[in-house]
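Guided by the hints, dock chain E onto chain P, whose structure is given.
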Amino acid sequence: MVTKIRKSQRIHARIVVMDSDKEAVHQLMRLLGKEGYKVEAIEQINKMLEKIKNEQIDVLILAVEAWDNRGYELIPTIKKMNRFLPIIVTSADDSIETATRVREQGIFFYAIKPLDIKEIKLALKNALSKKFVSSGEALFIQKEEIQKAFDDEILDLADASKILKLSKPTVSKLVRNGELPASRIGNKWYLIRNQLLEWLRVTAAGNQRNYGTLILETMDEGVAVVDRRLKIVSCNSAYLQALDVPRDQIIGEYCYRVSHRSVVPCDESSCPVRQAFRTKRPVKFMHINYDSEGNEHYCDVIALPMKEKDGKVAHVVEIIRDNTETYNLNRHLNWIRSFFAHECRKTLGPIVMNISALVDENLSASISIERRDKMLLSSLCSLKFLHDMIRNYIISCKYETEKLQCNKKSVYVYKNIFPQIIEEFHPILSKKGMDIETEIKGERPIWCDPDFIKIAFSNLINNAVKYGTAKTKIVCWLKMTDDEFEFNILNEGVGIPHDKLYDIFNRFTRFGKLAISGTGLGLHVVKLIVEMHNGTLKAQSGYLIDNKPITYDEFYANENLYKMKDKNLRKFARFILKIPSGEDTQKMEV
Amino acid sequence: MSQQRNILLVDDDADFLTATKIVLEKSGYRVKTCLSAKECIATLKIAKPDLIILDVMMETDHTGFDLCRELKRDIDTKDIPILMLTAVDQKYPLNFTSVAGDESWLPVDAFIDKPVEAKVLLERIKKLLKD
Chain P
1 MVTKIRKSQR IHARIVVMDS DKEAVHQLMR LLGKEGYKVE AIEQINKMLE
51 KIKNEQIDVL ILAVEAWDNR GYELIPTIKK MNRFLPIIVT SADDSIETAT
101 RVREQGIFFY AIKPLDIKEI KLALKNALSK KFVSSGEALF IQKEEIQKAF
151 DDEILDLADA SKILKLSKPT VSKLVRNGEL PASRIGNKWY LIRNQLLEWL
201 RVTAAGNQRN YGTLILETMD EGVAVVDRRL KIVSCNSAYL QALDVPRDQI
251 IGEYCYRVSH RSVVPCDESS CPVRQAFRTK RPVKFMHINY DSEGNEHYCD
301 VIALPMKEKD GKVAHVVEII RDNTETYNLN RHLNWIRSFF AHECRKTLGP
351 IVMNISALVD ENLSASISIE RRDKMLLSSL CSLKFLHDMI RNYIISCKYE
401 TEKLQCNKKS VYVYKNIFPQ IIEEFHPILS KKGMDIETEI KGERPIWCDP
451 DFIKIAFSNL INNAVKYGTA KTKIVCWLKM TDDEFEFNIL NEGVGIPHDK
501 LYDIFNRFTR FGKLAISGTG LGLHVVKLIV EMHNGTLKAQ SGYLIDNKPI
551 TYDEFYANEN LYKMKDKNLR KFARFILKIP SGEDTQKMEV
Chain E
1 MSQQRNILLV DDDADFLTAT KIVLEKSGYR VKTCLSAKEC IATLKIAKPD
51 LIILDVMMET DHTGFDLCRE LKRDIDTKDI PILMLTAVDQ KYPLNFTSVA
101 GDESWLPVDA FIDKPVEAKV LLERIKKLLK D
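Those sequence lines, one after another, are chains P and E.
Residues in the first sequence are numbered consecutively from 1, following the UniProt record's numbering.
Residues in the second sequence are numbered consecutively from 1, following the UniProt record's numbering.
In isolation and in its complexed conformation, chain P is listed as follows (with noise of 0.2 Å):
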């Protein structure tokens, strides 16, 4: 019987097939059309790609077989595209490799031909169900669609007094005394299923005399029971919540088909629950889960065999425990301890060429006396870098573990730091021939903390001076008013590339040279300090004309300007720090 469907139960979501094979193309359509799904068919990749960045498509039917047997190959580029589009694939090839190939891109759900219709139905409905629900487009399915999905989903009290096997008036009970989850509307009170089945669980856990049972629900790991066809029978809490899937399509579903979401089984050589069975011994693996949105997911899978009487394996308990954070905070951690390691080494190179010159008697002798002060001046100026290196990792690390304490006090910022920083960057700014230009306004002190203050003030001269032009001047602006405190400091140099501004604070960001040593944290250091003294600060680049610094945005705003832009113009950066100047001056001066 052919079931029509009314134009209010047309579901609106945008489901697209890409297929070489056109009457596996019809079919789905015509099938899924039934249903209510409104499906359109692709043919050409370019069009298909246009949709997708247009974000035109709520879920993608891709076949292998698409785009002439590489229709997988696609997937990477779909997903750089719009990541969180779901992609169901479609498959004739039944082959574990196919699946496993296929299955690493982070698809959300895997298909062999002949397809099975409820099969799609049920991951094309969780599929838009985890998009609309993820992006904040629930509001794209009409009210009406709302309501008939949750239909189901939505119980009264005597559809719960059914499930529980409790009298109406008990589960009523229970309800009024807030210890079943329930919402009254109107009159009437209504419970989700799956709430209540999870309270039943608990409940029926916390009372009952199985501590094994009870044990398991305590578990952070995942733990679910599979027996010999690899269907699970039973599972822990935290083995949904990992997998963000509901009980009741959990049980009685084949564990492939649930944490990986394939149709085929995985092989044996990379599955501890199959090798469990057959070894029956406690298998352990470290497996590379991808979920829904191709993240990696780094899991640790043991496998224990459950013997029976007769020695005969049963029931395998599989335990899976995540380390996805561990191990990515690991390499992480890693990655920093090597690359904080090279900049170390780079700085250090000039440093230990120089000196160990000056004390080779045979070479020192060499060296005209002009060239030793230079030989001592460079290395100096590495040794400051190096020093400054050292404590922003420190103070970015102190942060990190919330150890970072804020003294302020009242202190005359241009007078009693200002001063002291420009002194300690003579070296710096001598052997690149460069000069601080400074302008005063106000004569107020400020509620700081110096040694941050200071800090502050250090990274973004040494910025200015890395990253400025030799023989230029850098400009600084102090201003003290009742509100608040600015500091203000532009340099002519390479500049902030546009798409940088606002990137620049990050930690570990560098960009131009790798030349200029650094590790990329002393502007990120700079912004902890201004957020410890509730601050703002904002970086500016652009381009110098006629001396006067134009920022980007004047500049291609203005048409006359923007003319010159094949020009060699010379570029400059500016930082605005700004913190509140502090109610309390009274106090004693630092």
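Simulated from the structure, these hints should not be mistaken for laboratory data.
Treat the hints with caution; some may be incorrect.
Cβ-Cβ distance ranges computed for the label pairs, FRET-style [what the hints assert, rightly or not]:
#, chain 1, residue 1, chain 2, residue 2, range
1, E, 66, P, 402, 41 to 47 Å
2, P, 469, E, 61, 23 to 29 Å
3, P, 426, E, 6, 36 to 42 Å
The list that follows gives simulated cross-link-like pairs (lysine-lysine, DSS-like), each with its CA atoms no further than 25 Å apart [claimed, not checked]:
#, chain 1, residue 1, chain 2, residue 2
4, P, 454, P, 431
5, E, 21, P, 432
6, P, 374, E, 32
7, P, 231, P, 284
8, P, 431, E, 21
9, E, 26, P, 374
10, P, 384, E, 21
11, P, 431, E, 26
12, E, 119, P, 471
13, P, 466, E, 119
14, E, 21, P, 374
15, P, 466, E, 21
16, E, 45, P, 567
17, P, 118, P, 231
18, P, 466, P, 563
19, E, 32, P, 432
20, P, 431, E, 32
21, P, 374, E, 119
Cβ-to-Cβ under 8 Å is the rule here; a few derived chain E residues that face chain P [unchecked claim]:
#, residue
22, 13
23, 15
24, 16
25, 20
26, 22
27, 26
28, 31
29, 32
30, 33
31, 50
32, 114
33, 116
34, 118
Note that the coordinates shown come from a computational prediction; the quantities given were computed from them, not determined experimentally.
Idealized CB from N, CA, C, for every residue including glycine.
Okay, now just chain E, sitting in the frame of chain P:
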């Protein structure tokens, strides 16, 4: 030293180039410096040095590796010994000193870690130039 030998120093760190240039010149070598791989190739078209001292990380993380492979493929430059000098070993899980000289992977004649003392560098150069 009967004849003054020529050394080409390639490193993107200007401070290191200046420091090393002084040390090598005061030890009797004639030194040319380059801040990039591109500059190095252009310099090599004009004159061939007796030794090239090369940094690994310049424009990219592997510029030095690419450059030394290119130089060893080029008939005009393949016989010039290359000393690779870098601070990069901490970034790779490899012992560069042991793979240096592997024609297919790292066709350099020697490898030294940065920072390096003047004396150690000079000894290694002497060995490579067979002085």
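Against the structure, the hints:
| no. | hint | result |
| --- | --- | --- |
| 1 | E:66 to P:402: 41 to 47 Å | 44 Å, holds |
| 2 | P:469 to E:61: 23 to 29 Å | 26 Å, holds |
| 3 | P:426 to E:6: 36 to 42 Å | 38 Å, holds |
| 4 | P:454 to P:431 | 22 Å, holds |
| 5 | E:21 to P:432 | 18 Å, holds |
| 6 | P:374 to E:32 | 20 Å, holds |
| 7 | P:231 to P:284 | 20 Å, holds |
| 8 | P:431 to E:21 | 17 Å, holds |
| 9 | E:26 to P:374 | 15 Å, holds |
| 10 | P:384 to E:21 | 22 Å, holds |
| 11 | P:431 to E:26 | 22 Å, holds |
| 12 | E:119 to P:471 | 34 Å, violated |
| 13 | P:466 to E:119 | 30 Å, violated |
| 14 | E:21 to P:374 | 13 Å, holds |
| 15 | P:466 to E:21 | 22 Å, holds |
| 16 | E:45 to P:567 | 31 Å, violated |
| 17 | P:118 to P:231 | 19 Å, holds |
| 18 | P:466 to P:563 | 30 Å, violated |
| 19 | E:32 to P:432 | 22 Å, holds |
| 20 | P:431 to E:32 | 22 Å, holds |
| 21 | P:374 to E:119 | 20 Å, holds |
| 22 | 13 | 6 Å, holds |
| 23 | 15 | 4 Å, holds |
| 24 | 16 | 4 Å, holds |
| 25 | 20 | 6 Å, holds |
| 26 | 22 | 7 Å, holds |
| 27 | 26 | 5 Å, holds |
| 28 | 31 | 13 Å, violated |
| 29 | 32 | 17 Å, violated |
| 30 | 33 | 13 Å, violated |
| 31 | 50 | 20 Å, violated |
| 32 | 114 | 4 Å, holds |
| 33 | 116 | 7 Å, holds |
| 34 | 118 | 4 Å, holds |
In this structure, the earlier hints numbered 12, 13, 16, 18, 28, 29, 30 and 31 are contradicted, and the remaining ones agree with it.
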